[in-house]
Structures are given as C-alpha cells and as structure tokens.
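Student: Chains as they are written, first to last, in the UniProt record's numbering: chain D, 1 to 341; chain G, 1 to 341; chain C, 1 to 341; chain F, 1 to 341.
Treat the hints with care, as some may be off.
It does not matter which identical chain is used: a pair holds within one copy or between any two.
In silico DSSO-like links for lysine-lysine, alpha-carbon gap of 30 Å or less [claimed, not checked]:
1. Lys328 - Lys82
2. Lys81 - Lys33
3. Lys81 - Lys71
4. Lys329 - Lys97
Read the hints as simulated data drawn from the structure, not as lab findings.
4 protein chains.
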Amino acid sequence: MDIIVLRPDVSEEQIERIVKKLEAKGLKPHVSKGTERTIIGVIGDTSKVTEDEENAIRAIPGVEDVVRILKPYKLASRDFKKTDTVIQVDDLQIGGKKVHVAAGPCAVENRVTLLDIAEKVKASGASFLRGGAFKPRTSPYSFQGLGIEGLNYLKEAKEKTGLPIISEIMDPRDIDVMIDYVDILQIGTRNMQNFKLLMEVGSVDKPVLLKRGMSATIKELLMAAEYILSRGNEKVILCERGIRTFETATRNTLDLSAVPLLKSLSHLPVAVDPSHGVGKRDLVTPMAVAAVAAGADMLLIEVHTNPEEALSDGEQSLTPEQFKEMMKKVKAVAEAVGREV
Amino acid sequence: MDIIVLRPDVSEEQIERIVKKLEAKGLKPHVSKGTERTIIGVIGDTSKVTEDEENAIRAIPGVEDVVRILKPYKLASRDFKKTDTVIQVDDLQIGGKKVHVAAGPCAVENRVTLLDIAEKVKASGASFLRGGAFKPRTSPYSFQGLGIEGLNYLKEAKEKTGLPIISEIMDPRDIDVMIDYVDILQIGTRNMQNFKLLMEVGSVDKPVLLKRGMSATIKELLMAAEYILSRGNEKVILCERGIRTFETATRNTLDLSAVPLLKSLSHLPVAVDPSHGVGKRDLVTPMAVAAVAAGADMLLIEVHTNPEEALSDGEQSLTPEQFKEMMKKVKAVAEAVGREV
Amino acid sequence: MDIIVLRPDVSEEQIERIVKKLEAKGLKPHVSKGTERTIIGVIGDTSKVTEDEENAIRAIPGVEDVVRILKPYKLASRDFKKTDTVIQVDDLQIGGKKVHVAAGPCAVENRVTLLDIAEKVKASGASFLRGGAFKPRTSPYSFQGLGIEGLNYLKEAKEKTGLPIISEIMDPRDIDVMIDYVDILQIGTRNMQNFKLLMEVGSVDKPVLLKRGMSATIKELLMAAEYILSRGNEKVILCERGIRTFETATRNTLDLSAVPLLKSLSHLPVAVDPSHGVGKRDLVTPMAVAAVAAGADMLLIEVHTNPEEALSDGEQSLTPEQFKEMMKKVKAVAEAVGREV
Amino acid sequence: MDIIVLRPDVSEEQIERIVKKLEAKGLKPHVSKGTERTIIGVIGDTSKVTEDEENAIRAIPGVEDVVRILKPYKLASRDFKKTDTVIQVDDLQIGGKKVHVAAGPCAVENRVTLLDIAEKVKASGASFLRGGAFKPRTSPYSFQGLGIEGLNYLKEAKEKTGLPIISEIMDPRDIDVMIDYVDILQIGTRNMQNFKLLMEVGSVDKPVLLKRGMSATIKELLMAAEYILSRGNEKVILCERGIRTFETATRNTLDLSAVPLLKSLSHLPVAVDPSHGVGKRDLVTPMAVAAVAAGADMLLIEVHTNPEEALSDGEQSLTPEQFKEMMKKVKAVAEAVGREV
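Hey, can you work out the whole structure from these sequences and the hints?
Tutor: Here's what the structure looks like:
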C-alpha cells in the first residue's frame, strides 16, 4: 500500500489522469479529499511497484510526493522470515548464541607473518582468520595485495590452525578462484553497491560477509543484501564498519545502533568491524566490547605481530598481546549479555 | 609549535615578509627548504596564537596551509590535568568507579506524573532525576515547558526521593533562578555553541552537563567545555547524545567512539544519552549497555509512565518496567567492565 | 491529513484503541485494511497536531510509523502566501528585481579600517555594510568583538556612506541596544535554534537575516523562520551559508540548491554567504556569481583592506580590489538571469 | 616533506628508534624539540611514502600524528601540469572555451524514444548524447538496462544526429564491447572506488567521465583519477554529481564549490550533473546555470520526452521543451562569464 500526495492546486483532470495511470498499472487507487490536501491511497500489494515506477508517478503533474509504506526489500526482512538466520561454516554457527571473533592482518603480507598471527589469534580465542589477498586501495601507488599467492598462504594457515578464512573479493572475474580458497567471501565497503559483484556472489554457495558502504543507509545495506539473496544465496552476514560523517577525529563513525536496528529489521546475522570503524588502536577494544554489548554476532579485528611494519592499516592493528587482553573483556561482556565467545 | 606550508611558487620576498610578520608577533620562525616545498616551523609556545591569527597568516600571499600541532583547548585537555576529574554532587561522585544513571521524563508535565516517575526510577536504581522545565522545541507551536512551575515540581521530587536534579538552561537570564532549583545545569545540543550561555554557566559554582552539538566535532565540544572552564567553573560533564549524519533510520547517530576518545583527550567525565541518540525505544537498552561497555560514566535515560500521553519524546521514552529491565542489564555489563551501578 | 501506518501484527484491540485516542484528540481517523498493512488516514486539518502529539501516537503499541502530509511550518510557506515577500530597508527593497550585496569585514576592528572598507565597498556597488560587533567564536581565547564601541563605528559608517547596517545579535539582552544601531539583525548559524533569541527578534519591528544552522535541514530553517514570523515580525531573510558535511577541502559545503528550493517552498527572500560557505578567498567569486545564477536575492561578502591583519576570517576575506572585480562578474550574471545589481 | 608529531611523553629511546626507522626507509629525518612538543621533519621527496608506510609510522610508539605536506596525487595535480587539459572527442574539445551539454535519458529504453530524444536535444544545442545501457540500480527488482541492445540504439542515434555518446560502464568484462560503441566511458558514483574498473579504463584509449562518489572527498576523487592516469589514459573528465549529506529535501547536495576547487587543484576538465545532484526537475535549470557560472566545462542533463513513463529517474528528467528553455539560460550565463555554448 502506497500513498500519493497531491499538490494543493491539483485539478480534477489531473486527478482523473493519475487514477487512470495507476489503474493501467493494475493498481487500485482510492482518492481521499481532505480539507487541505487530496491524497490517493493505493490498495493491494504494491511491493512490485519498482522505484522506477514510483519516480514516474512523481513525474505526473499534480503529484507532490509518493510515500511508500512497504519496505523495498523483502527476502532480507524480518517480516519475510521471523527466525534468526544461522549460517554454518565448518562446525561453527554464525548467528547463534556464540559470538565469533575473526582476527588477522589487514593484508596477507608473507607466509611466515600470516602463520604466526593465525596461531596467536587462535590461541587467544579467535574462531576465524581474516586477511586480504586482493586489496582495495585509495592510492594506485599503495600495496595492492599478493593475489593468488596470498590465498595460498591463507589456505595453509587454515590447514595449520583449523580457522576458517574470510577474505575480500573485488572483481567478479576472481570468483571461481576464490571459492576454492576461502570460507566466507567479503564484499568491501567500496563495493557494497557494485551490483555486478553482488549478483555474482549471489549465484554461488558460499557465505558472504557484506560490509556497509561508508555512506550507505541501513535501507541500502539491506537492498544490497537483497541482491545476493534474490540470486539464491541465503548466507549473508551484514557488517557495520563505520560510516562517513563530518567527524575527523576517528577514521569513520562506528554506528553501533545499526546492530540492534538490523537485527530488528532483518533475520540475518550482524558483524561489527571496530578496527576500520575507529581507525585508532586505542579505541578498538572499547568499541569491540560495546559492539558485543549492543548485540553483535561477530567481530572483525585487525591483528598484526608488528604493526610498525604492517603493509597496511598498521595504525589500527592490535598486537597479539593487545588482542589477548581484548578477548578477555569481550568474553566477560558477552557473558553479561547472555552470550558466549 | 606550528608549521606553515608555503606554495611551490613562493618567492624569496614573500618568505622574508612572512618571517617578519611572525617575528613581529613574537614568534620564532625557522625556514626549511625541501626539494618540493618550503615550510616554516614556528618554535615556542604557539598555544597563544589564536585561530584569528592563524587565519591571518593563511591570508599572506605565498602561504598554502597552516598546520597546528598543539590542541586549541588547554584546561579541558588530559595534557593539562592527568588525573580524572571527579565531580561531587551531594554524596555522589561522577567520574569515579560508579556509573550513574539519570532518568526521568523529557519534559516536566505535571506534579503527579513527575513524582510518580521519580519514585519508580529511584526504585530501579537511578541516582539522578532528569526533566526539562524550559524546553527547546523545533516548532513554535510545540509545548515549551512549564518554566518555574516545573522547577518547583523537580525540587519537590528531590525532597521526596533524594535524587539530585539535572535540568536544561536555555536563556542566560534564567541562571539566577535555576541555580536554586537544580543540581546540574544542562546545556542542550542546540546551545553547545551559544557562547554567551557558556560564559554564564562558567561563572557559577554548579556542575554543568554539556551536550555535544548535533554537528559538533570532538574538538569543538572540548572548545565549548574550555569556555566554561576558562571562566572558573571546573565541574563540566561532557555528554555524547548522537550526531547528525545521512542516516535517517535513527533520530541521530550515537557516536559511542566519542566515549573512549574523550576520556583519552580530556580528564572530564563523559555521559551518554542513548534516548536522544537513537530516538526509538527498542534501541535504547542495547545502546545504554553498549555505552557502559565503551566506558561511559553516566547515562541519561528518558522514562515516562505513559509514553503515549507524553507531551514530548514519547516515542523514545522507556516505561518504568522497561527501565527496570534495562537497569539489570546495565548492572551486569558495568560489572563485566569493572564498574558498578 | 496524516497517515498512521500500523505494524503487520497489530491486533483489533490495538486498532480500536488508536482510533479512540485519535478521536479523543478531535481527529477523524479512517481505517484502511490492505493485504499487507493496515493504515489509518486522519482526515481534516492536522496542522494543529504538534510534533509532540505525533510522537505520542508513535508510542502507542501497534503503530509502526506516522507520515505527516502537511508541512510543519505555515506562515513561512508559499502555500500561506503566494507572492514574494519584499522587505523595505530605507529606500532599498530586498526580494525584488535587484540583487543586493552586503559587504564588509567579519568583525568591526577599529574606526578607521571600518570607514575605509565601507567607502570602498560602496564605491564598487555594495548596497549594505556588514560587520560584527558581537562575535561568536569557537575559542574563548579569540577576539570576541568590540561590542557597543563597534556598533558606534557602524553607525558612523552608515552616516558617511548611507549604507544600511547588518550585524549579528547573540544575546537576547542586547536587543534593546542593537535595534537603535542596526538596520538588519543577523541571527548566526550557531543560534539558528536558539529559540529564546528567535522569539525576541520576532517581537521587534526590524528585519532579521536568519542564517541556516550548519547542520540544519531546509525544514528546520523554515521552522526557525516560523518562530520569528509567529511572534509578529514578518521581515525575515533566509540565508544559506554552507552546511557541514564530510568534505574538509572547503570550510563548509555551500548548498546552492537551497536557493531555488527555498524560493519554491517559501515567499521569503533568500541570501547567500559564499565567504563562510567556502572559507577560501579564491572560491568566493565563482560561488558568488553561481549564487546569483541560482536565484539569490542578496549576497553577503567579507571584505577587508588588509586580510593579513584581520582579527578574524582573514583567509576568506576579499580585498577591495578583488571585491570590485567580483562585482563586475556579479553584475554580468545578474543581468543574464534577468536581475540587476 | 612530512612532519611527524611526537607525543608529549615520548622518550629519547623512542625518538632514536623512530629516526632509525625513517633512515632505514631512505628518508632524512630532522628532529626539532619545542617547548611543548618534539616534531620530526622529513626532508626530501616523500611523495613515494605510501599511505601504508604513513600508517606504519603512526603505529610506532611515541608517535602522535603524521602530517603529510605533499598531495597524495601527482599526475592529476595542477602542480604536475600547469595548463588545462583539453580532451578531443570527434571535432569537439572538452575543457576549452566552449561549455558542452550532454543530454539524454537516464536509461536507453527503446529505439524510437531514444532517437526522438536525441534529435530534440540536438536541436536545442546539446553537443553530446547521454544514456545508460547498463544501469546500476539500488534494487535488484528495478530495470537493469537493455545492455548491448541499448548500445546499438546509441550508435544509431549518433549516426543520425552526429552527437558523440556518453554511457556508463559497470563491469570490467564489458570494456571490449563498450569501446566500440561509446565515445566517453562513464564511471558512475557507486564505482568511483571500484579500483579494478578504474585500472581497466586506464588501459584503453578512450575518454573517461569519472563521477565523484557520493561520499568521496575531493582528494579521493583526484586519487581515483590518478588510478586512471597512472595506467596511461590521460583523458579524464571529473564530474561533480552531488554528495550525500544530512539534507533529504534534495536527492543529494550538489557541491558546486567543487568546480572552482577542482580547477585550481587539477588540470582536468570538470563536468556537473545537476539532474542527479538535486533529483527534482524544478531545481535542475537553476543549478545548471549556477554550475556554468561556477566554471563548469560540461553539463550532464537528463531529458525524457515522457518523464511520466520513464523507466528510471522520471522525477528529475526535463522534457525537451524544458531543456530548450534551460539552454537559453545556460547560453546567456555562459556568455556573461566569458564562455560559449
């Protein structure tokens, strides 16, 4: 059901024309004349009215505004599926009672460092290993990732530690290779509306961690998830990672209210990446525990054995020792809110 | 110490002129010529160089940018005072181990309702009563508060419950009246840069809860605190209450990273107002516990016995029962992070 | 007329209760049950339903959202008054065919400089003199203005040049003094929602230039104007001066689309302040001409005879020579869009 | 040359360690001890210090901040190339005295409509035809474009009217096909940081119109251009199309100050898309003329013969008659600022 608000000066001819247009689209318009405004209520299932058709209605003379009552996403919504979606990866379940922590370096830099980090984060309680083989970089002159070589190291790290792998996919042409190496495909913040890529990962049987675009609304994040779900892949994890605001004291503004909001609007699990969210090592631990308190199902934490030499994101990476301390606090808070780590 | 970056095409004459200008201001400029740029380092205590003087330097031909190394606030900074400021109100201490919860209606509406709310929030563990007698309202047609009558009810509520009072001051002309009625003067988000008001509350001996402006940076919040501190009032509580971003699914975006950041930059206690931060009742409790996990010293929570009839902010007010449930969770998380309620 | 959208799981009892609540408020609710949602249309003049009552309705169990069809401002709207408001100041008309340019220093610094600037901007075609006697400053350590002394210099400048004066009022206690000295009272961006001040200037017979708050929506700007209009003062000039966004390359982001938008939503004249909007001298002239092309009725331009020595805003002030060049371009563009300077 | 600001409590050992790290990177550090802070100036060409290395330096204990003096883009900068870049397309020059107008439908919908629009916009003075064959859509249920069929219609429209074609590329796999059909490849706002796509269009000999991401800073836009330029393609047109802010009264906030700013920082031509910038038909013409007044080299305008039936963006499309009127105003303003159309 939608509402079409007419201009105060709309004519009878215009109203008649709008009604006919709507009827021609198979809709049932119902005109209500108030003392100040006339509105047209559109009865029936208008979820099939696309945004394009909505815009076309707005373009009709006499129309002031169109108010959509139904949400533009369906498969991603809690209305569509009441129960929480739980995603199985190996013997782990994301979206259940346990809060998972995925830790690792921003980028896979070399074999030795990666294996070292993997073993250390596992020892402290991480249940996933994260690390980029293909890196989206603001500058063409920055390190762009090791590519396939990096994927091989990640695979070896999994063999040694048992930790399933999360890694980012940037190019639809890489999908065939990546599904053999990683357990969760990550869509990065800059690609949240790379619709070709979304369609592609929607067509494979592999969980997808979908990061919120840095200026994406909650609605747009859920629409991006809808792209993946509508192609048949039901294993989507939503991830808050900070949005762009006027504040420059932090790298981004971590929007933790997105966690309970997404969990009320959608059935999908919700992860939080405080490392990118704040961009400053000292703030990562407080925001990680706050994310768990707010209801996050998963955390993504950047850890590096030698942040001073990290090829990317050194500033926001925890050392293994700092990560160990963080995990203690995360565990305590998780238990306080009835979860476990 | 400041850095003045010169344009690539700066002339010798221009450099000489800049140096003389700086020396005339009592500063010690030191010119460094690099292969790509010449910069001038300004040695000594440049904290007395005002923003105006900085802008005047920018206006000199040949200057490309001025980079300030020192923070523009002093009294509010952790550099100035290493130990946490603890503010005493009656027998309570804000900024110590205990996390305080200030609860109450958005606006004081009538005597009976206020007393009822006050007793109920006290029973659930609130240690302060909040409520507005003077209300800043977006619309001139909205309820503007009961004024002095409201202050009287607040005073009576304190007599009955012992809860100290937090209430907003909007007009410098009200200060003489208000200091007799309230224990903490609140500066609202729309008045964070009402400098006349800041100076006024800086001149009295009464704690001030300073809410972050809805588009104020962390630096500007600390500068606003500096206004109060520089007039002699050292009892300032900083308050994060949500900033304005592109996201409209929540009333504001509650920036919880401000909590650990403010506590590292400043010695002042930090409060969080999740009710205004999110604007939706269902999100208040998760964000309240997340705020405590992030390190907040105080929470401000809107509670109303009958939100459906509230004269303002009904949408985001908890019922006393919801508040009671929230307090249990707040207590559990506070203990998990080594605090108490 | 408003629309109340109910939750998918709303019960019959809840609907009945909502209907009764609305009827108790004197409204006429009309329930429409669709296949996916039930909505309640509220017939009649709902412009008297305050934002508070709207929020209270949102707080009723079973209500998902309230959609307001009518605008929350009335006196400021084009619906209320179809013809452009033209404001008379001495023998000048703001809001007519002529585009006015108000020029002068950010702050009044001393008598000689002010008189010098006033004569120069007049010679180049400015029709108003702007300059601050009371200055809102981010830092308590910055120059705060000359106060009454500054007002005296402005008065003298008017006597010498005939240019009417625009100057900012910050404190409601200053109003009695200021109305004797200035021709247009300016409300600054940080005070756009200082409602006490708005009420005060709404009660005097003096034109008000109301600057948009740096994070104020167009709707909020018009609501602030409504405060002034509702008190009886009909002489309000709206002023776009840049909004706060994530972009830091300019001081603010000058939202020129606000000009045609405000002129379609409201009958009030619209001014633009490119100096504060961009904060960089080189960008002032292009944005000044763009503002005129977009339909601005007035420009506010900072001019200083010696920007390098200006006590504030030196970085964005034009020299009198630059101002003269700007005026030539402004004149050419004004004529190209059917206006005159 | 860069500046490293040390913490107030930095130790001698830490300073020594930082100096050694910098020297190991081949840099020449110069320590300056002030009364309040110690800083390290890094002499020499630090433009090769990547953002990664900068972050690694930030990660060294004792470092408070790193201030980059040089811009992170080189080939795109005005420092690198003083003269304006002029891009030749057929017999037209973009970036010279003439302001070009590219007009056409948001999406190519069918042959007849496209040819009709093309002829009409040409008759009114458009010099390019714009239209999407591959469409990025927020919803998976919206019209996704005609694909190759659409490209064929665009080619035919060029044959009939002589207007060169601008069309969007979304997928790196489409590049081989598209370069045969279009004259300017458009990178859309959602793909501004799709680095794989940027590299791909950087490797072909075809002009690229690069739209600013909706939350991209000016610096990031220039870094995205740098990706293309660094691969060898020097024909980049920068395009301002509105940024995302808190304001919802317009679809985006058109940042016209980006025009003179980009032209001062870079040698590349600058286009403006007011249709997407404001999203409301009534505001397109005022913002189009304002863009020309601000110095734009090119306009992109959505035109549709029947906006009410448009498959996308009907709300913001001009009719051919409205476009004709707009062109008259654009012409007048262009001449007023010394340009021609």
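Student: Between the shortest in-copy and the shortest cross-copy C-alpha distance, which are at most 30 Å for Lys328 and Lys82: within, between, both, or neither?
Tutor: Close across copies (27 Å), not inside one copy (33 Å); limit 30 Å.
Student: Regarding Lys81 and Lys33, is the shortest C-alpha distance of 30 Å or less found within a copy, between copies, in both, or in neither?
Tutor: For Lys81 and Lys33, only the inter-copy Cα distance (22 Å) is at most 30 Å; the intra-copy one is 37 Å.
Student: Checking Lys329 and Lys97: alpha-carbon separation at most 30 Å within a copy, between copies, both or neither?
Tutor: both (17 Å within a copy, 17 Å between copies)
Student: Could you place Lys81 and Lys71 in one of the four classes (within, between, both, neither) given a Cα distance threshold of 30 Å?
Tutor: within (14 Å within a copy, 36 Å between copies)
Consistency note: the structure conflicts with none of the earlier hints.
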